[in-house]
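Participant: Spelled out, the chains give:
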Amino acid sequence: MIRGAWSPDTIAWVIVAALLPTATVAVLEQGTGAALRIGLSWTVVAAWQLVFGIVRGQRLYPVGAVTAVAVTVLAPGELALWQLVLALTFGTVVGELIFGGWGRNFLGAAVVTLAFLFFSFPEAGHDSPAASAAVAAACLPAAAGLVVAGILSWRIVVGALAGLLALTALAGADPGELAVQGAFAFGLVFLVGDPVTAACTNAGRWIYGALAGALMGLFAWGAAGVGAPQAVVFAALIASIFAPLIDHAVIAAKDVARSRRNG
Amino acid sequence: MRISIRQGLQVALPGTPEQRVDPGKQVSSVGFDGADFADIRCEIMVAEGDAVAVGSPLFRDRKRPDILFTAPAAGIVERIALGPRRRLASLELRVGTGKAVRFSVPAAPARDSVQHLLLESGLWTAFRARPFGRIPDPGSAPEAIFVTAIDTYPLAADPKVALQDWRTAFAHGIDLLTILTEGPVFICQAPGENLVGERSKVRCVQFAGPHPAGLPGTHIHRLLRLRPGRRVWQIHCQDVVSIGRLLESGMLAPERVISLAGPGVRRPRLVRVPAGASLDDLVAEELTEGGMQILSGPAIAGREGLFLGRHHWQVTILPYQQPRRGHDWLPSFFAFKQTEPVIPSEALEQALGLDIPVVPLLRALSVGDVETATRLGCLELLEEDLALPAYASGSRQDFPSLLRSTLDSLEGSI
Numbered sequence: 091m092i093r094g095a096w097s098p099d100t101i102a103w104v105i106v107a108a109l110l111p112t113a114t115v116a117v118l119e120q121g122t123g124a125a126l127r128i129g130l131s132w133t134v135v136a137a138w139q140l141v142f143g144i145v146r147g148q149r150l151y152p153v154g155a156v157t158a159v160a161v162t163v164l165a166p167g168e169l170a171l172w173q174l175v176l177a178l179t180f181g182t183v184v185g186e187l188i189f190g191g192w193g194r195n196f197l198g199a200a201v202v203t204l205a206f207l208f209f210s211f212p213e214a215g216h217d218s219p220a221a222s223a224a225v226a227a228a229c230l231p232a233a234a235g236l237v238v239a240g241i242l243s244w245r246i247v248v249g250a251l252a253g254l255l256a257l258t259a260l261a262g263a264d265p266g267e268l269a270v271q272g273a274f275a276f277g278l279v280f281l282v283g284d285p286v287t288a289a290c291t292n293a294g295r296w297i298y299g300a301l302a303g304a305l306m307g308l309f310a311w312g313a314a315g316v317g318a319p320q321a322v323v324f325a326a327l328i329a330s331i332f333a334p335l336i337d338h339a340v341i342a343a344k345d346v347a348r349s350r351r352n353g
Numbered sequence: 059m060r061i062s063i064r065q066g067l068q069v070a071l072p073g074t075p076e077q078r079v080d081p082g083k084q085v086s087s088v089g090f091d092g093a094d095f096a097d098i099r100c101e102i103m104v105a106e107g108d109a110v111a112v113g114s115p116l117f118r119d120r121k122r123p124d125i126l127f128t129a130p131a132a133g134i135v136e137r138i139a140l141g142p143r144r145r146l147a148s149l150e151l152r153v154g155t156g157k158a159v160r161f162s163v164p165a166a167p168a169r170d171s172v173q174h175l176l177l178e179s180g181l182w183t184a185f186r187a188r189p190f191g192r193i194p195d196p197g198s199a200p201e202a203i204f205v206t207a208i209d210t211y212p213l214a215a216d217p218k219v220a221l222q223d224w225r226t227a228f229a230h231g232i233d234l235l236t237i238l239t240e241g242p243v244f245i246c247q248a249p250g251e252n253l254v255g256e257r258s259k260v261r262c263v264q265f266a267g268p269h270p271a272g273l274p275g276t277h278i279h280r281l282l283r284l285r286p287g288r289r290v291w292q293i294h295c296q297d298v299v300s301i302g303r304l305l306e307s308g309m310l311a312p313e314r315v316i317s318l319a320g321p322g323v324r325r326p327r328l329v330r331v332p333a334g335a336s337l338d339d340l341v342a343e344e345l346t347e348g349g350m351q352i353l354s355g356p357a358i359a360g361r362e363g364l365f366l367g368r369h370h371w372q373v374t375i376l377p378y379q380q381p382r383r384g385h386d387w388l389p390s391f392f393a394f395k396q397t398e399p400v401i402p403s404e405a406l407e408q409a410l411g412l413d414i415p416v417v418p419l420l421r422a423l424s425v426g427d428v429e430t431a432t433r434l435g436c437l438e439l440l441e442e443d444l445a446l447p448a449y450a451s452g453s454r455q456d457f458p459s460l461l462r463s464t465l466d467s468l469e470g471s472i
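Residue numbers (this note's numbering), protein chains in the order written: chain P, 91 to 353; chain U, 59 to 472.
Please keep in mind that the hints were generated in silico from the structure rather than gathered at the bench. Nothing here was measured: the structure is a model prediction, and the numbers come from that model. Every residue, glycine too, gets a C-beta built ideally from N, C-alpha and C. There is no bait here: all hints are sound.
Some chain U residues near chain P, calculated using beta-carbon distances under 10 Å:
#1 Pro399
#2 Asp413
#3 Val417
#4 Ala445
#5 Ala448
#6 Ser451
#7 Arg454
Non-contacting residues of chain P with respect to chain U, defined by C-beta distances greater than 12 Å in every case (computed):
#8 Pro111
#9 Val183
#10 Phe206
#11 Ala227
#12 Leu257
#13 Glu267
A few chain U positions that, by computed beta-carbon distances, are all more than 10 Å from chain P:
#14 Ser114
#15 Asp119
#16 Pro123
#17 Pro164
#18 Ala168
#19 Val172
#20 Phe185
#21 Lys218
#22 Arg280
#23 Gly308
#24 Ala342
When you get a sec, could you build the whole thing from the sequences and use the hints?
Facilitator: In structure tokens:
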């Protein structure tokens, strides 16, 4: 019997490959410090995966790279080593591994790590618009590749852009400002668009995407400031908390519609 | 009527068969694999060494003794192997010369006499009832019968070619089906000319699109969606031909046209063989060099075994592959007891041609959540419907088997 190519291992490696342009831009912009941070972060995540692999028999996937690049791109502030390691440990273990590892988590490890960083160490200076237009540009081929591969759902992307633009229009702001914000692009593709933590019904994907986009817009124009990584991370966090509920509602609505049809 | 299925996946494989029937294929033994009758406790009615004619009963269902399984060829019973709990493991006939049993065909067909004829000839076992996919109970009547006259599996035989010499027998068979149900008989076929003329209860429906457009599960979902209390039957068009030929001649003609194809076949083509033909005989002198895996059924859903499966219409020969293990390079203290997760992807969304959320369904099945699986609609499905999602997930989890155990536990509780 034959099996398709899109096994969980393949999907994980494709996501890692999609991170390459962004990681390259981050290293070019921030220097070798960024490369060190990516390497160190991935090592910390992989170490925890190994622990759970030995103790709990959980499978290993290379998705720690998403967390590693995310902390480099979205939280480039001055962090002490222990702060970074603590945040990565919390994000990986509590966000992903205690649920059974990648594919069974309902929050992304990267999102939990960043939320932990922003909450616990606000003094590190996360407020300045972090990622540049070059990062945004680097996310474009990644997004295209992931959509073509069927890993990033185009429904989520379109829904999120619609939500974001709607909120931008409501706020009376210039949508052109969004295009040059790397944090938005990176968050949309790799945090909101994470297939595991997003909604997994097609109708749910539209709602989830729109919710994430609207929250991004709300936080950006309302509180944190344009391009602030906080806006992106907390929007992704709240949206993925709601994702199971959205799916549940979609399925329940289908049930109701069907039983009404059947009389 | 024409229905386009928008979902679906093309599974490309080399070794497409030439769509012309080669009648010259000989096999020296035929038989039954227990895997096809896993749900049936058999009462064997012959002994090793007995001579049997075409259509003589070999074994029957212990619980429903009217359901007979009959010999697809004349010959000698070579071997009867029993498995655990006295279930049939395999039964093999050496093909010899012999006559065929003559059945009495009722002159004016009524439901009872028709049912009796089908049970006696063993053709009743061609039906599968949904939900649950069992051979239907004698005496039960479905709300509709779905005739599958389209095959969208990779490397499948075109049913139109398989039927071309037997159009009248097919029409006769369809006439008989209309006696078995009060409701409609749907002939689900590929786009093109209708295979039979439409009558009051007979409707031709053309399905367009890639696999799973050819699955009865897809057809039933579009035409008469299963709901609690509803029962429908499905049958393959070539079994309908067998019914028609039984009506015409009074004798069982259990031949089928199958596709013998795949990357490992020298001359991929359609062949005419008896039902239950030995796979070894089928592939003798057909293979290319190298280790091969011989599957009864399609590449995405077939099984290895001794004989052509009851509901299989193709034999696929693939290059032998080492079972994928993954993480081999890690030291042995990694046990990986965990099953693989279901990662949502667009391929997975395309793989189930039904209005059922596929990722929640697979997740429910993989953790054995019967309640959620039922709520999502798993009662509409059979193993074959999950073959493409299992393929698309690329996972080592056997979702069709998980569905089967879920259905079994549901059936027990109803």
